[in-house]
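Colleague: Sequences listed follow chains A and B, in order. Each residue of the first sequence is one higher than the one before, starting from 1 at the first, in our numbering. Each residue of the second sequence is one higher than the one before, starting from 1001 at the first, in our numbering.
In short, the hints are calculated from the structure, not lab data. Being a predicted model, the structure only gives us computed values, none of them experimental. Treat the hints with care, as some may be off.
Derived CB-CB ranges, DEER-like [said to hold, decoys possible]:
id : chain 1 : residue 1 : chain 2 : residue 2 : range
1  : A       : Gly107    : B       : His1301   : 56 to 64 Å
2  : B       : Gly1257   : A       : Lys314    : 37 to 45 Å
3  : A       : Glu31     : B       : His1046   : 39 to 47 Å
4  : B       : Val1291   : A       : Asn167    : 36 to 44 Å
5  : B       : Asn1153   : A       : Ala311    : 45 to 53 Å
Rough simulated footprint, nothing fancy, chain A against chain B, three-plus residues with beta-carbon under 8 Å [to be verified]:
id : stretch
6  : 1169-1177
7  : 1273-1284
8  : 1306-1318
Every beta carbon over 12 Å from chain A, so not counted as near; a handful from chain B, in silico [what the hints assert, rightly or not]:
id : residue
9  : Arg1010
10 : Gly1015
11 : Thr1074
12 : His1113
13 : Thr1120
14 : Glu1125
15 : Gly1144
16 : Glu1150
17 : Ala1154
18 : Ala1199
19 : Gly1226
20 : Leu1228
21 : Pro1255
22 : Ser1295
23 : Pro1303
24 : Gly1321
Backbone N, C-alpha and C define an ideal beta-carbon position, used for all residues, glycine too.
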Amino acid sequence: MNLPLVVLLVITVILFLVLATISSLRSRVIEVREDRRVVIYRRGRFHRIAGPGWVPLHHRIERIEQEYSIRDEPRSFSIDNLFFHGIPIELTLNFWCHVDLVQAAHGNRDRLAQLTTFSESERRQQVAIKTRDAVVAQLGVLEQKLKLSATASLVDKILPVLPGTENCEQLLEAVADKLETTLPPVGVFFNPDHPITITHIDIPGEMKREFSRGRALDLLRSKAPNTPEEIMLQLVSIPEGAVPPITRETVRIEGEGAAHFQMEGIKEKEGKRQRIPFARPPYAHPNEVSLDSEDAEQPEDVELLTESDLAYLKLIPRRDESQRPAA
Amino acid sequence: MEQRYLPTYRRDEIGLILDCAYRGESLCLIGVAGVGKSNVINYLRHQRQWADRSNPDMSDILFAIGDMRTWKGTPASLWQLMDSALRETATDLAPTFQDNRVVSISEEERGLHRLRARLTWACQEIGIKVMFVLDDADLMFSKGPPEMLEQLNALRSEGKRGLLSFLIFTKRLPHVLGKSFDLEHNSKFFDLFRHNQFALAPYSPVDARQMLKHLNTTVLSPLSSGELPRIQELAGGHARLLRILFDLWIQEGPPPGNSAEDYLLNKPSVRQECERIWRGLHPQEQKIALVVAQSMHAAEHAPTVHHLVRRGLLVEQGSSGQLAWFSPLMGRFLNTYTPSGGSG
Chain A
1 MNLPLVVLLV
11 ITVILFLVLA
21 TISSLRSRVI
31 EVREDRRVVI
41 YRRGRFHRIA
51 GPGWVPLHHR
61 IERIEQEYSI
71 RDEPRSFSID
81 NLFFHGIPIE
91 LTLNFWCHVD
101 LVQAAHGNRD
111 RLAQLTTFSE
121 SERRQQVAIK
131 TRDAVVAQLG
141 VLEQKLKLSA
151 TASLVDKILP
161 VLPGTENCEQ
171 LLEAVADKLE
181 TTLPPVGVFF
191 NPDHPITITH
201 IDIPGEMKRE
211 FSRGRALDLL
221 RSKAPNTPEE
231 IMLQLVSIPE
241 GAVPPITRET
251 VRIEGEGAAH
261 FQMEGIKEKE
271 GKRQRIPFAR
281 PPYAHPNEVS
291 LDSEDAEQPE
301 DVELLTESDL
311 AYLKLIPRRD
321 ESQRPAA
Chain B
1001 MEQRYLPTYR
1011 RDEIGLILDC
1021 AYRGESLCLI
1031 GVAGVGKSNV
1041 INYLRHQRQW
1051 ADRSNPDMSD
1061 ILFAIGDMRT
1071 WKGTPASLWQ
1081 LMDSALRETA
1091 TDLAPTFQDN
1101 RVVSISEEER
1111 GLHRLRARLT
1121 WACQEIGIKV
1131 MFVLDDADLM
1141 FSKGPPEMLE
1151 QLNALRSEGK
1161 RGLLSFLIFT
1171 KRLPHVLGKS
1181 FDLEHNSKFF
1191 DLFRHNQFAL
1201 APYSPVDARQ
1211 MLKHLNTTVL
1221 SPLSSGELPR
1231 IQELAGGHAR
1241 LLRILFDLWI
1251 QEGPPPGNSA
1261 EDYLLNKPSV
1271 RQECERIWRG
1281 LHPQEQKIAL
1291 VVAQSMHAAE
1301 HAPTVHHLVR
1311 RGLLVEQGSS
1321 GQLAWFSPLM
1331 GRFLNTYTPS
1341 GGSG
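The shape of chain A in the complex, shown without the other chains (with noise of 0.2 Å):
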């Protein structure tokens, strides 16, 4: 065998091990988990996505911008701020997705770069936008679809988006065909094997005043049937705490729950006060009832802005170009 050729071979050899050596010295080994993959900068620019497993890093000129979740798991969006025929509602919705940039970017490198850049928060925040727009896009058909008289109860109004009912479960269809095609462009993939499920849903405390005072209204008409009309419709449509100021008729009612209660007016006539029963039930309450008048609380007028209360804001002071800021 021809000697220098043998030589050369060995040395070969041995430089590459040696250079195998010195770049491997200068890399360093990442564990990555099943559920996670990092996004990998080289030299400041996008380089690729790695994981899971172990993933090699060059020490010097690469470094791991971001790393996120791919786990299909469930999230919850609270949407406010919703209207439905005219009334202001807010729900939470619930449904399963998971993360995918490399699927989104259907093989285009410079969309999957762009992806990257968004962090986790970010994309999470795009997906409460994008959850809202669906919702609000299905809302209105469904408000378009069904219409309603001008005499419709509030329970007619809010009964399409009750969960169970039929036209909620065709909402929440077609709000999910709505996310499988609006959430891969931020990267996102909704999972349709997991229905969309609303878990809370929340109207505004004076809605809920009004739900109460039908309630009590139905409670008194059971416990009291003797009382006349506009006495119960009284009884309920005063705001509380308030003192209605032409009768000058001071009620209260005392009592634990729905097992008893005890009802009396007073009337203010020539200064003197004179307590009126409405009704007596057959049991008798432990404890007498305050009727004293000075404690009811007026009503608040709605709070107006004055001049000193506007002052307070001011416009955000202008800065010339010397005075720009980091960044």
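For chain A, the structure is supplied; the task is to place chain B on it using the hints.
Modeller: This is chain B only, laid out in the frame that chain A set:
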């Protein structure tokens, strides 16, 4: 992220925030729903990594961002929210924070102690300035309790004055929200930013144009550059309206005919956003807004009208100073709005 924002993005607002953060001063920015508060916060979130390159002083400021929409209404929840915000933003700081002291059994006290200890570590041991950013803080002021707000002020004691500050975003004036607690006269926390309450107006034309360009680029530029100015004009620089109109343009094309405002106001997303802006206004602002929309405002309405101008909702046009709404859509919405039954 850098392509999304020009270097001059909200130049005045960002400059003000950075100056206050650097001096340890607190401020409150008051803006209507959807005006772009979240974008300012997103910008601040990345501020630190950019600041390293251009201004070393600004690299010593942490923006701990708390979304008050997730606040559960209790002091314990607020401390946890703030502690989480500080922990998330300070992950790259060393040494690792450890608090091994035994504290009170009460969850609220534990949470407050943990927050206070982490702040002491960040401000005094690491030597960094912290600005807590509380987004959508209206409920915090209206619900209280006032003692919780005073605790926020108390966090600045023990050597943290000048190092700890607050940036608060609300839709309404804080002292009006907290009228029941008389914040204006009884709150040291309110005193922190009493003279630093500024209006967060809609985007400048330059920023609005950049936002639209970025949106267009993100979806591979389906709209021509000639279509974007029309969207900008209709949205009036309102961040959320820009987004909604952009999406509508992509899905359905430009509005047909001459009455673009009426066509667009029939779209649920547009109408609901206008209603959302409307609902966020104080009742007095709403009342004057309707009066101005009907061009029936008088001298007695001047203070509130000027207030709406400062908020960026009304714009004085031409030498005559005629008032117009920041967005023709909002103006049309108010023209057709009936307070009991919605618009149309």
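Colleague: Would you mind marking each hint as holding or not holding in the structure?
Modeller: Hint-by-hint comparison with the structure:
Checked against the hint of 56 to 64 Å, the C-beta distance between A/Gly107 and B/His1301 comes to roughly 60 Å, which is consistent with it. Between B/Gly1257 and A/Lys314 the beta carbons are some 42 Å apart, a value that agrees with the proposed interval 37 to 45 Å. Range check, A/Glu31 to B/His1046: Cβ separation about 27 Å, and the 39 to 47 Å hint is violated. Evaluation of the 36 to 44 Å hint for B/Val1291 and A/Asn167 yields a pass: the beta carbon distance comes to about 39 Å.
Take B/Asn1153 and A/Ala311: their Cβ atoms lie about 23 Å apart, and the range 45 to 53 Å is violated. For the stretch 1169-1177 of chain B, the proposed coverage by chain A is satisfied: 3 residues have a C-beta within less than 8 Å of a C-beta in that chain, meeting the threshold of three. Given as covered by chain A, the stretch 1273-1284 of chain B passes the check, having 6 residues with a CB less than 8 Å from a CB of that chain where 3 are the minimum. With a cut-off of 8 Å between beta carbons, the stretch 1306-1318 of chain B has 4 residues touching chain A; three or more are needed, and the interface restraint holds.
Under the 12 Å C-beta cut-off, the non-interface status given to B/Arg1010 relative to chain A is violated; the minimum distance is some 9 Å. With 12 Å as the threshold on Cβ separation, the claim that B/Gly1015 sits away from chain A is violated: the shortest Cβ distance comes to roughly 4 Å. With 12 Å as the threshold on Cβ separation, the claim that B/Thr1074 sits away from chain A holds: the shortest Cβ distance comes to roughly 18 Å. Against the 12 Å criterion, B/His1113 stays outside the reach of chain A, whose nearest CB is about 27 Å from its own CB.
In this structure B/Thr1120 is separated from chain A by more than 12 Å, as the shortest Cβ-Cβ distance comes to about 26 Å. Against the 12 Å criterion, B/Glu1125 stays outside the reach of chain A, whose nearest CB is about 24 Å from its own CB. Listed as outside the interface, B/Gly1144 is consistent with that label: its C-beta sits roughly 16 Å from the nearest C-beta of chain A, beyond the 12 Å cut-off. Every beta carbon of chain A lies more than 12 Å from that of B/Glu1150, the smallest distance being close to 20 Å; the non-interface claim holds.
The non-interface label for B/Ala1154 is consistent with chain A: the shortest C-beta to C-beta separation is roughly 23 Å, beyond 12 Å. Under the 12 Å C-beta cut-off, the non-interface status given to B/Ala1199 relative to chain A is violated; the minimum distance is some 6 Å. Every CB of chain A is more than 12 Å from the CB of B/Gly1226 (nearest about 24 Å), matching its label as outside the interface. For B/Leu1228, the shortest C-beta to C-beta distance to chain A comes to about 19 Å, beyond the 12 Å cut-off, and the non-interface label holds.
Interface exclusion of B/Pro1255 from chain A stands, the closest Cβ pair being 16 Å apart, more than 12 Å. The Cβ of B/Ser1295 sits about 22 Å from the closest Cβ of chain A, beyond the 12 Å cut-off, so the non-interface label holds. For B/Pro1303, the shortest C-beta to C-beta distance to chain A comes to about 5 Å, within the 12 Å cut-off, and the non-interface label is violated. For B/Gly1321, the condition that its CB be more than 12 Å from all CB atoms of chain A holds, with the nearest at approximately 17 Å.
Of the hints listed earlier, those the structure fails to meet are numbers 3, 5, 9, 10, 18 and 23, in rising order.
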